[in-house]
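Protein chains in written order, with numbering that gives the first Met the number 0: chain A, 0 to 340; chain B, 0 to 340.
Heads up, some of the hints might be wrong.
Covered stretches of chain B (in silico footprint by chain A; criterion: 3 or more residues with CB under 8 angstroms from a CB of chain A, positions within the stretch not fixed) [as the list claims (entries may be wrong)]:
| no. | stretch |
| --- | --- |
| 1 | 47–61 |
| 2 | 83–96 |
| 3 | 229–237 |
Please keep in mind that the hints were generated in silico from the structure rather than gathered at the bench.
Cβ coordinates follow ideal geometry from the N, Cα and C atoms, glycine included.
2 protein chains.
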Amino acid sequence: MFSDDPDQSLPHGGDLAAARRLFADAPEPFLDLSTGINPHSYPLQELPIDLFARLPGADPLAAAKAAAAQAYGAPSAAHVVAAPGTQILLPLVAALVRPGRAAVVAPTYGEHARAAALAGHDVIEIADLDAATAATLVIVTNPNNPDGRLFDKNALMMLAKRLESRGGLLVVDEAFMDVGPGDASLAGEVGRRAIVVLRSFGKFFGLAGIRLGFALAAPYLAARLAAQLGPWAVSGPALAIGVEALTDRAWMEQARCRLTEETTRLDEILADSGLEIVGGTPLFRLVRTAAALELFHHLGHAGILVRMFPAHPSWLRFGLPGADEDWNRLQIAMAAFANRH
Amino acid sequence: MFSDDPDQSLPHGGDLAAARRLFADAPEPFLDLSTGINPHSYPLQELPIDLFARLPGADPLAAAKAAAAQAYGAPSAAHVVAAPGTQILLPLVAALVRPGRAAVVAPTYGEHARAAALAGHDVIEIADLDAATAATLVIVTNPNNPDGRLFDKNALMMLAKRLESRGGLLVVDEAFMDVGPGDASLAGEVGRRAIVVLRSFGKFFGLAGIRLGFALAAPYLAARLAAQLGPWAVSGPALAIGVEALTDRAWMEQARCRLTEETTRLDEILADSGLEIVGGTPLFRLVRTAAALELFHHLGHAGILVRMFPAHPSWLRFGLPGADEDWNRLQIAMAAFANRH
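Next up, chain A with everything else stripped away, as it sits in the complex:
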C-alpha cells in the first residue's frame, strides 16, 4: 500500500525480542543499532515516589511546556503541546485538517502515512515538496529519516503559505532536528502559518522509554490537540525529567558535539568495510550495498541489530554504539564481513 513504508514487514526498530527470536544463536547482550536513539542517556536523578503515585498536576505540565518552548525556539509555551511521545500525536495532528488529500514526502518514517490514513485522508507519497500541489495536508520529516535529507526553510514556508490559503496544514516532523542544523527548524515560525512542528524528546536525550514528545503550533491548534489528549497525558516522571533535561543547555551542547564525533567514528568503520554512506544525521547513518540482506544477517548472528527497509532492499541504517565494547563488537563484526567479500 505504501511502497516506501519501512515498517511494512519487519518489526519496528528497537524490538530486541523479535531480533532474539530471529537470531536465537546470537551472543548476548544484543547490541541494538536499529534505532536513532542517543546511546548516552541524559543522566537520571533519583525520582521522588510522588511522581509515580500522584496525578501530575497542572504546574509540572506548564513547566515542561515552557522548557520545551525555550529549548526548541517556539514563540511561547502556549504554542506547545506535551504528549506521551510524538507517535500518539500523529493521527490527532492529521485530524486537524478535514479529510482530503494528504501527501507524505517519501521515503520516510512509515507511521506518517498510516496516521494520515487513520484520520481519513487519501494518502499519496511524493518525492519532493513541489509535488504537493493538490494536497491539503503535507507531511515532511526534516531532517528526514532514514536518509538525513534536509529541506529548505524558505521552501517549507512558501509551501505552508500555499497550504494555508486552501485551508490546509504543513506538518514538519523534526524528530532529529536536535542534532540537525538549528537554523533549519520551523519551531520559531509556527505562530505565523498553519504549521505543526513535531519534536521528539526521547531520541536526542536517549530516553525513548519515558514517552515524551511535543507538538509546536499556533495556540488555536495547540489547544485543539491538548483537548484531545486531556489533562494527564504525560506521566509525572516524564514531565520532571523533561523539565530538567530541556533546561540543561550544557548537557545539550556536549551531547551534540559528542554525537557528531561518534558519527565520524561510525563513518570510518562503515567506509573501511567498503560501504557507501548515502545519508544520515548525527544519530544514525544510512548505507547502500548490494549485500544489505547478507550483512543484516551477518550482524544479527553476531548479536548486532541494524535496520532493514523492505521497500529499499539495498539500504541499512546504523545507529550509534555506546560503550567501548559495543564499538569493538561492531568493528570486529564489520571487519569480518569485509574480509569475506
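Model the placement of chain B on the given structure of chain A, informed by the hints.
Leaving out everything else, chain B in the frame of chain A:
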C-alpha cells in the same frame, strides 16, 4: 453547558499547586484527599535504566495486556488495549461510534461529557439507564463517581443489546471496580456485545503518576483503539510496573481488605462530625452538608484538600488519608469544625 460537570470551575482533583495558591497560609505538607487514589501505593522496585532509555518493545506490551486480561477478567489479551491512562482513551472510545446522540448517566466524572462532545456527539445527561432511548452512545460509570452508585449488570447488558441493534455502543467506566463488587463488572462480557469497559490502573494501585489504563472490548474494537494509540503509547516503566502489580494477587487481596477497613474508619470520623454520608466506594466517600463550602475552606486552611462540586454545592468528597499522622490531622480538623457548629 454540562450542569453536573464537577470540573466546571474548580481545578481537577489532585492539583495541590492550585490548592496552595488558594490556601497560602495552610501548614505543609498539604494532605490531598481530593482524589480517589489509594494512598498506599504498590511498592516500586528499582527500575532498570533500560526501561527509561529504550523504546518499550512489543513483548512488554503483550505481557501487560495479558496481565490485565487476567486481573480484570477479560476474555483474552486480544480484548485489551493498554493506554497512558484511561483519560486519553475517552475521545477515542467515543469516536468508535458515528457522531450522534450521546447520553452520559449523570452526575458523574465530567470528562465523559467533554470527550463525547469532542468526538462530535450531541451530549445529553440522563439520570438513569432507562432514559437512554435515543442515544447511540451511552456512557455510565460503575460504580459511579462521586456517589458510588452501582448499576445492575443485567440492565447494562440489556442496554448494550439495544444499543448494538442500532449500531451503538455502551461504555462502562469501571475506574473504581477494583474495590467494587467484582461480579458487577462487565469485563467478562466485552466479547459478547458492543461494550467498551475502561479500567484505571493508577487509582487502585496508588500509582496515578505513571499513566496506565486499559480499555476492554471485542478484538475488532480493541484493534481500532490500538491503531489510534500507535505502538509505543505506554512508557517502559509503566508497562513493567503494570505487569508486576496486576499479577500480584496477594497484594490486590490485601489492598481491598485494607481499603475497606480504612473507609470504615473514615466513615466514623465523618459521622462523628455530624455529616451525612450519601455514597462512595472503598476509595472515597461523598457527604452532603449545608456547610460544605465552609468545611472545604476550614479544611483548606488546615492544609487538607477535599473535593467540591460546583453543580452540587452541598457535596464534598473525601479520599483516604494514608499515614497515621494524616488520619490524626483529619480527625483533629474535623472535630474542630464540629465543635464550632
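Evaluated hints:
Counting residues of the stretch 47–61 of chain B whose beta-carbon sits less than 8 angstroms from any beta-carbon of chain A gives 11, enough to reach three: the coverage restraint holds. Only residues whose beta carbon comes within less than 8 angstroms of a beta carbon in chain A count, and the stretch 83–96 of chain B has 6; three or more means the coverage holds. Counting residues of the stretch 229–237 of chain B whose C-beta lies closer than 8 angstroms to any C-beta of chain A gives 9; at least three are required, and the coverage claim holds.
Of the numbered hints stated above, none is contradicted by the structure.
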